[in-house]
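S.K.: Chains as they are written, first to last, in the working numbering: chain A, 1 to 285; chain B, 286 to 562; chain C, 563 to 884.
Check the hints yourself; a few may be wrong.
Claimed, not checked - Away from chain A, derived, C-beta distances all over 10 Å, residues of chain B:
hint: 1; residue: Y325
hint: 2; residue: R482
hint: 3; residue: T539
Claimed, not checked - Below, a list of computed lysine to aspartate or glutamate pairs in the EDC-like style, where the Cα atoms sit at most 16 Å apart:
hint: 4; chain 1: A; residue 1: K197; chain 2: C; residue 2: E833
hint: 5; chain 1: A; residue 1: K117; chain 2: B; residue 2: E499
hint: 6; chain 1: C; residue 1: K585; chain 2: C; residue 2: D635
hint: 7; chain 1: C; residue 1: K718; chain 2: C; residue 2: E668
hint: 8; chain 1: A; residue 1: K74; chain 2: B; residue 2: E499
hint: 9; chain 1: A; residue 1: K197; chain 2: C; residue 2: E668
hint: 10; chain 1: C; residue 1: K718; chain 2: C; residue 2: D707
hint: 11; chain 1: C; residue 1: K718; chain 2: C; residue 2: E698
hint: 12; chain 1: B; residue 1: K393; chain 2: B; residue 2: E475
hint: 13; chain 1: C; residue 1: K718; chain 2: C; residue 2: D730
hint: 14; chain 1: C; residue 1: K718; chain 2: C; residue 2: D704
hint: 15; chain 1: C; residue 1: K585; chain 2: C; residue 2: D780
hint: 16; chain 1: C; residue 1: K585; chain 2: C; residue 2: E668
hint: 17; chain 1: C; residue 1: K585; chain 2: C; residue 2: D644
hint: 18; chain 1: A; residue 1: K74; chain 2: B; residue 2: E475
hint: 19; chain 1: C; residue 1: K585; chain 2: C; residue 2: D601
hint: 20; chain 1: A; residue 1: K197; chain 2: C; residue 2: D708
hint: 21; chain 1: C; residue 1: K718; chain 2: C; residue 2: E810
Because the hints were derived from the structure by calculation, they are not lab data. All C-beta atoms in this analysis are idealised placements derived from N, C-alpha and C, irrespective of residue type, glycine included.
So you can see what is in the structure, the chains are spelled out below.
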Amino acid sequence: MAPTTSATTPDATAAAPARRGLLLRMLPAPLYTGRARALLERSAMVYSRAWLVFVSGVVEPLLYLLAFQVGFGKLVEEVTGPGGEPMSYVAFVAPALLAASAMNGAVFDSTFNVFFKFRYNKTYDAMLATPLGPLDIALGEIGWAVLRGGLYAVAFLGVMAGFGLATSPWALLLVPVALLVSFAFAAIGMVCATFLKSPAQFDFVQLAVMPMFLLSTTFYPLSVYPEPLQYAVQCLPLYHGVELTRGLAVGVLDVSMLGHVAYLLVLAAVGAYFTAKRLAGLLLR
Amino acid sequence: MAAGAETRAATGSRATGRVVGSWRAAWLRVEAHWTWYRRYWRSSLYSSGLQPVLFLAAMGLGFGSQVEAGPATGGLAYVHYVAPALLVAGAVQNAIGESSYPVLSGFKWQQDYYAVTATPVTAGQLLGGQIIWIALRVGIACVVYTLVALLFGAWLNAGALLVVPIGVFAAVACGAAIMAVAATTYNEGERFAAIFRFLVMPMILFSGTFFPIEQIPAAVRWLAWISPVWHGTELARGVTLGGLDVWPALGHLTFLGALLGVSAALARRYFYRRLVV
Amino acid sequence: MSGETADPRTAAPTVTAPMVEAKALVKRFGDVEAVRGVDVQVRTGEAFGFLGPNGAGKSSTMRMIASTSPRSDGDLRVLGMDPDLDGPRIRARLGSVPQQDTLDTELTVRQNLQIYGRYFGLSRAEVRRKATELMEFAQLSDRADDLVDALSGGMKRRLTIARSLVNDPDVLLLDEPTTGLDPQARHMLWDRLFRLKAGGVTLIITSHYMDEVEQLCDRLVVMDDGRIVAEGSPSELIARYSTREVLELRFPPGEQGGVADRVAEFGERVEELPDRVLVYTGDGERALEQVHGRDVRPVSSLVRRSTLEDVFLRLTGRTLVD
């Protein structure tokens, strides 16, 4: 399908790509041309050579799980799980680790990778010289992060089942939850990446991610915190991911889960919107 | 010096440059790092200062609240058990991070190492400066951690003061090893990501930082024995919590000293090989 | 101001030991011999050039002179000293402008200069004074406290040259100083280099641009494949290896065949390049008339003076920049 107009000029509005999805109808053409898939293909090409990165994404949470199995789990026999039931510490931590690793992977993909492509390799400038628009790029990169997150989640869930840590059929829903968490964090991470100027500033990204990883009730129940802190922790996005995965892993469902899902959905939408806006502002000048 | 003065007179030199001593040259590199740090210290606040403190809060206090003091922790509260080990683990991680991409950048991206070795400063002095700088940076981070941990009530006695030099020692030994790796890295440094994940992370998880290595199956426990983090952790716990005899202590010190010596020698060799070709 | 060059040769330097003296200098990288026996002498106060295509061994030679690269064989004296034994002392008196800028992009212009000066044992007060002076020289004073990252390519290059002057070097080594710069930035750099030369600094320049070497150098060697193939001043080399004028004839694609033979008699020598035919002659206009008389119809023709490019073509059968 031959491009009818250049997507690099913001005032070109006559683009008429063959396929018009919902987003296409909602957004001005120069922003989005429905070709985010090209980005996915590119990422897949790049990563097919960097398989080690992939393997490490799978192995890392497993190492954590192993450490909890042989080490931490021996220090703490039981904790209070969802629904107030006591459960083994390893079973308590495992689903939280799944959510946390979905977050970590997504943030890594969307900040480090995007930053280097953006600032140094000028990959996006080259892409915008084609019919691709900034939202194609945003969705493509986020989509890649989500895809990777999904693969890790499947691997992790397999191991959890092997360790006997996923006891409910609801645990299968851990995979879509991991995808949602990946999407939300990838979208937010990408917005942040467009603000970074020096690689040294990645510490700021860590500054946001690490406390979230450690404090979002990943390793101990919310009740450990004094009450005012409990409210603060409940504002953290990862907390909502952890609540979802932990509940589903043991099959304890309740209405509040809809709230957790809504929180993450809003985060994802806001992130995607601002990413496209930032990229358009920075690249289409 | 006399010969230098002669040639200078013979050629009517007007150059103002002169050769400085090795320690001074290394220190000039530290000065350069400091200039950089003065501008960018805020962005390194997290990795140097906050991360270990966060771990102490989350693992020592949060996770620790679930741990019953028992034989595994030597009858101590978990926060006391984990505080010295977290200092060592944090220092090692910090040093390894500072010795990987930043050093590779000197060779590859920024290439400022080549600029330095075009001056009277030699590749060996450049390496020396880098090691001293990392020791200083890690030292600052360790002091900050020690003070914050004090607020948490994580220290039992003044032995905590000795934990700082132990952490710096273990950190610099590991940092020097990674510098040797950086000097032999010619691609974009993909191997560092692998090192962080497959070497550093397991090393910190399974070196007695969070739980005694006796819990690790005997068949793979030797992996902890060759981990510099374990040697540092044993020393650090020994000086604050007691229970460390002289001979094992000397053994741990020797291990770390040997690692530092061998790593620094290798790094020096690779620095020359890369910069003086 | 381009084109015409005031005779840059200053008063003949007094007879002293050469700044650089190389005999049978060799550099090997594994099995590859990058420099295969080079003899050069660079005298005090002159501007000396290494001209040759990429890969000719210029940079390797340069780095050996800069005492950052040990020689594999042969003999080398820089400022009367042996780089293998006195590297730091030699480097203390050299200025070096490498091919890549190697600036610290995360620091400011001023900080780059000051820190670099410290490596030469200068005091804090000295480097402060020197940095101000050099920013003036490099026309970067108004960017003093900007990060290097934000500078243009030409500015970075000027800063790198300024940085190399922080120790008031006796010899300044410039490896491809203007590669990648636009014409305006090149002329600005050349102007700075002329000033340095007038100030008595010995310049050693590598380049694969013949105009650069013609403009800047009193004397040069032409390098090819690790060897020196000719040596002399630009005018000497042109007189020795080329004619006064050159007639360039261009033809439509595919119509150049056989032309070289038909016009051969009108010049002392004829060279055929993929896109044109060169006729070397003392009188280009006359040769052109003769060409037309022979009913050879080029699309365009040009009569020009011989350059070092022609010298290189004559010596190696290849062009410098391809």
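S.K.: Enumerate the violated hints, using their earlier numbering and listing them in ascending order.
M.R.: 1, 2, 4, 5, 13, 15, 16, 18, 21
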